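The listed protein sequences derive, respectively, from chains U and L. Heads up: the first sequence begins at 1 in my numbering, then just goes up one per residue. Heads up: the second sequence begins at 1 in my numbering, then just goes up one per residue.
Hints were generated in silico from the structure; no laboratory data involved. Among the hints, a few may not be true.
Which copy is meant is left open, so a pair is good if it fits within one copy or across any two.
As the list claims (entries may be wrong) - Taking lysine-lysine pairs in the PhoX-like style, the calculated list, with each CA pair at most 20 Å apart, reads:
| id | residue 1 | residue 2 |
| --- | --- | --- |
| 1 | Lys591 | Lys365 |
| 2 | Lys98 | Lys464 |
| 3 | Lys287 | Lys116 |
| 4 | Lys354 | Lys285 |
| 5 | Lys304 | Lys130 |
| 6 | Lys304 | Lys134 |
| 7 | Lys441 | Lys570 |
| 8 | Lys548 | Lys441 |
| 9 | Lys552 | Lys193 |
| 10 | Lys464 | Lys507 |
| 11 | Lys552 | Lys570 |
| 12 | Lys4 | Lys354 |
Note that the structure is a prediction, hence the values are computed from the model and not measured.
So the chains spell out like this:
Protein chains: 2
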Amino acid sequence: MSPKITTELLKQLRQVMKNPKYVQEPVQAYIVPSGDAHQSEYIAPCDCRRAFISGFDGSAGTAIVTEQHAAMWTDGRYFLQAAHQMDNNWTLMKMGLKDTPTQEDWLVSVLPEGSKVGVDPFIIPADQWKRMSKVLRSAGHDLVPVKDNLIDTIWKDCPQRPCKPLITLDLSYTGVSWRDKIVALRSKMAERKVLWFVVTALDEVAWLFNLRGSDVEYNPVFFAYAIIGMNTIRLFIDGERMMDPAVREHLQLDSTLEPEFKIQVLPYGSILSELQAVGAGLSPKEKVWLSDKASYALTEAIPKIYRYLTPYTPICIAKAVKNASETEGMRRAHIKDAVALCELFNWLEKEVPKGTVTEITAADKAEEFRSQQKDFVELSFATISSTGPNGAIIHYKPVPETNRTLSVNEIYLLDSGAQYKDGTTDVTRTMHFGTPSAYEKECFTYVLKGHIAVSAAIFPNGTKGHLLDSFARSALWDCGLDYLHGTGHGVGSFLNVHEGPCGISYKTFADEPLEAGMIVSDEPGYYEDGSFGIRIENVVLVIPAETKYNFKNRGSLTFEPLTLVPIQMKMIDVNLLTQKECNWVNAYHQKCREAVGAELERQGRHEALQWLIRETEPLIRVQ
Amino acid sequence: MSPKITTELLKQLRQVMKNPKYVQEPVQAYIVPSGDAHQSEYIAPCDCRRAFISGFDGSAGTAIVTEQHAAMWTDGRYFLQAAHQMDNNWTLMKMGLKDTPTQEDWLVSVLPEGSKVGVDPFIIPADQWKRMSKVLRSAGHDLVPVKDNLIDTIWKDCPQRPCKPLITLDLSYTGVSWRDKIVALRSKMAERKVLWFVVTALDEVAWLFNLRGSDVEYNPVFFAYAIIGMNTIRLFIDGERMMDPAVREHLQLDSTLEPEFKIQVLPYGSILSELQAVGAGLSPKEKVWLSDKASYALTEAIPKIYRYLTPYTPICIAKAVKNASETEGMRRAHIKDAVALCELFNWLEKEVPKGTVTEITAADKAEEFRSQQKDFVELSFATISSTGPNGAIIHYKPVPETNRTLSVNEIYLLDSGAQYKDGTTDVTRTMHFGTPSAYEKECFTYVLKGHIAVSAAIFPNGTKGHLLDSFARSALWDCGLDYLHGTGHGVGSFLNVHEGPCGISYKTFADEPLEAGMIVSDEPGYYEDGSFGIRIENVVLVIPAETKYNFKNRGSLTFEPLTLVPIQMKMIDVNLLTQKECNWVNAYHQKCREAVGAELERQGRHEALQWLIRETEPLIRVQ
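Given only the sequences and the hints, what does the whole structure look like? Please build it.
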């Protein structure tokens, strides 16, 4: 993988930073955030501005270009990838390390007195604007909104914004109709005494209306906003797709409806002017509810005294707690996903020794097996198929330049998942197709102990996920090992594979308490730069736990694995496990055998079934 | 313990809340915070305004009185105590429970439109003012500073502010001279480009000048402020005590000194006007460093553009990392403290069966034994000596009305500590002088497992203490038990028994990473309302750890117990311990026997030595 040469692009960007056609006054620094106007994590090609200017295309990162410098902030998952993809014009700022300055502090240290720092007000979240603006102002600089996106002005062949057909989801998938979701939302609005709610996150729009799209790869969402009033519903969306009879029927656009459920469809681009009109019509004490991560541009459309900002919206919180239909769908999806992976691993075991399987062909084969499953829609993220040293690049995606052949001498790490109409999957398994070294087994077993410590944890109602993060690290820490990423993220139901407001991370302090029905991943790992990567990931459902004393009736929670794919036993040093951990593995494998075995049988996949049975034999601990 | 009758007092307070003599406009609510003008946790009698108005005298709590309501916010340690001490005029707001409103939200819910909320600007920290003021303003109310403290206006027999003699500490105790501390502080100021530093916390003034006092019970501090410039030192302090030749010599007040080390002594009450003068003389870009917990009054003395506020001051952070002289002093202090407790427990074992020992006499006896030790100064907090149901009141202090007789039928919990000139101690032991029930032993053993899990934890450099909190709870959680307080706090070196910036708590997110040389407590517990309380507390020193793989040279840390008092073996259900936990207990007891045994021997305390030897026999686990 050779880095993108950015000398010419940076020169052009620095020119437009001074060009009166685009900026009222020259800006001495320009910020290129990662997200789009909806603060999405996964973005459409037309929104990949940070990758365009820098070459670094990981899912998280912020670029800042000044007259002299170009710097990129990203987290531990991407240190290696960013270093590989960027040329010498760029300085990598490793977030999470002690000596790495914040973007604001760095700007203050490099900018000449009284500088202007520009940013696209539609791309920067309001909370981040506020924080940055404050620090810059106190150091004598100004953060200024630049209306035209400066990257777009130099991006000659920028792709068009996608506008693909929509999928309607009926009650059997969603459990709750969009009308009932609107009713519930309005009751939350009434509780907080707000008159309007602005839906800005793409997955929140999709969830609210029980619609899905494919405007963004991997995330079944579509470009739209909504403004929900106590008696009105405005949906901002472009394209032919609203002419689709199924969509019109689903949204009851042509029916005679009570006025409060009548959806007014408006052009996507009219959100700002419509919101400004809402803002202008407010009386004292009337409030508009927005996420504090909504864009600065939309937030500013509502005068400050009328804003009601929260870190998590009521939709975000409702969406996180899956109902019975969603949970059942997730279970089905995970069994189908396990069928595909049993097929894959059985195939890999036979093919890898021949030396003909590469990271890319293995990923393609995984997709092929998944696509044979009912209700398969697409992958839920770019498959991380990595062997040997590539496994240590935490969010690696194989490309022809880096593609390695799988062998019986190296660890293989596969982190992959899919979108099915009934659910979203995300699973990581680390395999060896020859004989792992004692050290590799030792590291794998510590990671497994951490995985089990979280999965089997019992904790009182009201506990936040970040309080569980250290459980995943304890066995690694005891031997002086660690991993530089969080332990888990929320997972959507046929929606984004990463969603809030819950998670399991040493970094997440604003997470909401875990509740029964929430779904998160449990994915500790260990990475040895230049050698190998290990990660064991299940998607797990938060369920009520049974305990001896039940927290004085406060109640308690634990996790149920939804992912049901065997954990490779040859990688386990069974004598490093306690008897309790050993029992956990055996019970888990028994469950895989029963649930996935029945489905393999039903689908007539006998060879994969034999593989599953072999891979789920009980482990025996030698005392 | 009968509650304080506050009907008349509240009537008087509500009158002055409308009295133009004290308030420019009537205030509809008045806030009575817990702290003094230095945001101290332990306060002098003249500052106990919240206890005066409500009757509740725990160490943490905020009272708010409106025309209709009187409400008290406090945390889980004090729910029972506050409920006992307050009469029906008061509503208890249980912080940390899900349905408890914040003070701001509660005010918004009860106040009539456009209300004014008053508070003494010297008592409220600036960060709290800011947060409250914002929420109130957005709901149409105003937070207003009320210059005269309204509690003082109705407090007829308010005690005088104390002004006791000072203790000077030489290098053998402090390791670093006050001059060198000033030099280090100025270098931190230069790094951050600030010209002035305002020392507002009493323990920071005491630490900086290597002085101690006794103005506040249990905390060896004295009422003072300081303003440190790059070339000037101003100390604001009252009284005769500055005439003491030892103090004058220590501070070199009468010596010919380089001007930048010449201390200017000014009256305590002149801090505001002096600081205002500093503020008025600043040029653009000149900054004044203050803690964001400094009072609103002092913070406002510096115009906003000149303020440099941080959650922790450089003194707070330097003070937390103990140097070799301080660490050695702490070790000595803890051995002496253990001698006193061995004497006490030996005495209790003989006396309790006679039925003549009460919570109060036991506490007095503990103080008597401690006071026999070299360099003993005073207790480090009010002794929690509690038996049976009183043990469930987390910060219980025995008074004649609640005093119970110790017996062979109830659990006894003793949480106590002392100030010695060489160090501060804080230790909790839970004992049974008869035969504990299986349930009591079970709970005790889970608490012990949690204690060991923290004490033996190994973690990478840079880890914050709050990431260790769940380790202390895991064994309790597995059985559906928990405790409603944090697991540990920083401990000063012959200074406050509670100090920042580190700690071990699910609540503390602003803690600084643990570093070798920091000292914290490790004190999980379990409390069964109406029955018993269990807590096992050691003070532990953060030390470098040895690990197999050493975190790729990032290095790692663990804890060394400084407290060396046996953990009662008859309370342990040894079969609930793992072999590793059992080994930990045995190694700990071996260390107690060696270090404390030698000192008991030296002091000729043979009976206590026999007790120690008996109580430190190895535990044996039956497989």
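Failing hints, ascending? The structure conflicts with hints 1, 3, 4, 9, 11, 12, although it agrees with all the remaining ones.
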